[in-house]
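Chemist: Construct all of the structure, not just a fragment, from the sequences and the given hints.
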Amino acid sequence: QEVLRLSVKFCKIPSTSVPPEQTNFDAIEKVKQKAVEYAESKKLRVIEISGDDSNPYPFLIFSFQENDPAQVFCADVALVGHLDVVSAQTEEQFIPYINGNMLVGRGSADMKTVVASQLSWMADQQAKQGSKPPIITMISFCEENASLVQHNTNTAIQVLRDDFGAEVELAIVGERTGEMESGHTLPVGPICEANKGWRWYRGTGSQKVNGMCTLEILASIIGPGFGPPELFIKI
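With my numbering applied, the sequence shown corresponds to residues 59 to 293, in that order.
The set of hints was computed from the structure by calculation and includes no laboratory data. One should not assume that every hint holds.
Between beta-carbon pairs, the in silico distance windows are [stated by the list, open to error]:
id, residue 1, residue 2, range
1, E124, T148, 42 to 48 Å
2, E98, D134, 21 to 27 Å
3, Q59, V217, 29 to 35 Å
4, Q187, D110, 35 to 41 Å
5, S112, Y155, 35 to 41 Å
6, N159, V104, 27 to 33 Å
7, P77, N212, 19 to 25 Å
8, E124, F83, 30 to 36 Å
9, Y155, D220, 41 to 47 Å
10, T148, R219, 40 to 46 Å
11, I153, S189, 41 to 47 Å
12, V104, Q80, 24 to 30 Å
13, E225, Q187, 24 to 30 Å
14, V162, P77, 21 to 27 Å
Straight-line C-alpha distance at most 30 Å; calculated DSSO-like pairs for lysine-lysine [claimed, not checked]:
id, residue 1, residue 2
15, K88, K70
16, K100, K88
17, K100, K186
18, K190, K92
19, K190, K100
20, K70, K100
21, K186, K101
22, K88, K101
23, K67, K101
24, K100, K67
25, K190, K67
26, K101, K190
27, K101, K70
28, K92, K67
29, K186, K92
30, K92, K70
31, K186, K67
32, K88, K67
These figures come from a predicted structure and were not determined experimentally. All C-beta atoms, glycine included, are put in the ideal place defined by N, C-alpha and C.
Modeler: As structure tokens, this is what we get:
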């Protein structure tokens with residue numbers, strides 16, 4: 059219910075970023091503030107990278123407030139999401155509603171319900187006693203326009219590195235894009251492997267690559283420390 063309530067609040071806001079020159083910055087600010095208000099009400103730590111004239115998009119990083127004030131900021135794993143959406147065909151798409159067991163509304167799958175889930179989970183963890191997991195949530199507002207203009211994930215990674223000495227080792231991007239485009243009726247769509255604005259690996263060779271061969275090449279490009287190729291399949 060908490061995830062649903064927060065998702066509905068997000069989906070009511072027309073936080074469009076496509077095309078970039080027509081970004082609704084007022085709505086971007088409004089949806090950003092909704093996320094900040096929720097996080098602060100749950101005692102989460104909020105790191106905000108504010109937009110300016112040259113880098114107009116904000117960026118939010120949420121982390122845990124440790125019970126031990128001496129605890130060093132730790133961000134080994136990042137839950138990555140975005141709260142911007144593509145333009146709607148009709149204004150009614152920004153009036154979310156329940157259809158059966160589905161929340162219908164612009165941005166519900168891509169990816170406002172996911173962000174609501176991430177923040178709700180962090181709120182649950184924050185309420186528990188003891189040390190917190192080394193997990194943060196990173197929220198951008200320019201993903202739909204391919205993060206062409208900052209602030210984007212690259213910006214946040216640099217801020218974490220420079221200001222907090224924190225390095226993200228693993229990013230989990232829970233975007234549920236693909237159900238409609240792929241033409242099937244499964245409740246979960248194919249995984250989108252591209253995390254825009256962060257990092258790309260490209261392998262080239264004389265042979266046609268697929269399956270395990272592709273994973274072996276990818277493992278060799280990335281380097282040691284990631285385990286055998288089978289690990290990629292499990293992930």
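Chemist: Hint by hint, note whether the structure agrees.
Modeler: Structure-based check of all given hints:
no., hint, result
1, E124 x T148: 42 to 48 Å, "holds, 46 Å"
2, E98 x D134: 21 to 27 Å, "holds, 24 Å"
3, Q59 x V217: 29 to 35 Å, "holds, 34 Å"
4, Q187 x D110: 35 to 41 Å, "holds, 40 Å"
5, S112 x Y155: 35 to 41 Å, "holds, 39 Å"
6, N159 x V104: 27 to 33 Å, "holds, 32 Å"
7, P77 x N212: 19 to 25 Å, "holds, 21 Å"
8, E124 x F83: 30 to 36 Å, "holds, 34 Å"
9, Y155 x D220: 41 to 47 Å, "holds, 44 Å"
10, T148 x R219: 40 to 46 Å, "holds, 43 Å"
11, I153 x S189: 41 to 47 Å, "holds, 42 Å"
12, V104 x Q80: 24 to 30 Å, "holds, 28 Å"
13, E225 x Q187: 24 to 30 Å, "holds, 27 Å"
14, V162 x P77: 21 to 27 Å, "holds, 25 Å"
15, K88 x K70, "holds, 10 Å"
16, K100 x K88, "holds, 19 Å"
17, K100 x K186, "holds, 11 Å"
18, K190 x K92, "holds, 24 Å"
19, K190 x K100, "holds, 14 Å"
20, K70 x K100, "holds, 22 Å"
21, K186 x K101, "holds, 12 Å"
22, K88 x K101, "holds, 20 Å"
23, K67 x K101, "holds, 19 Å"
24, K100 x K67, "holds, 16 Å"
25, K190 x K67, "holds, 27 Å"
26, K101 x K190, "holds, 13 Å"
27, K101 x K70, "holds, 24 Å"
28, K92 x K67, "holds, 8 Å"
29, K186 x K92, "holds, 23 Å"
30, K92 x K70, "holds, 11 Å"
31, K186 x K67, "holds, 26 Å"
32, K88 x K67, "holds, 10 Å"
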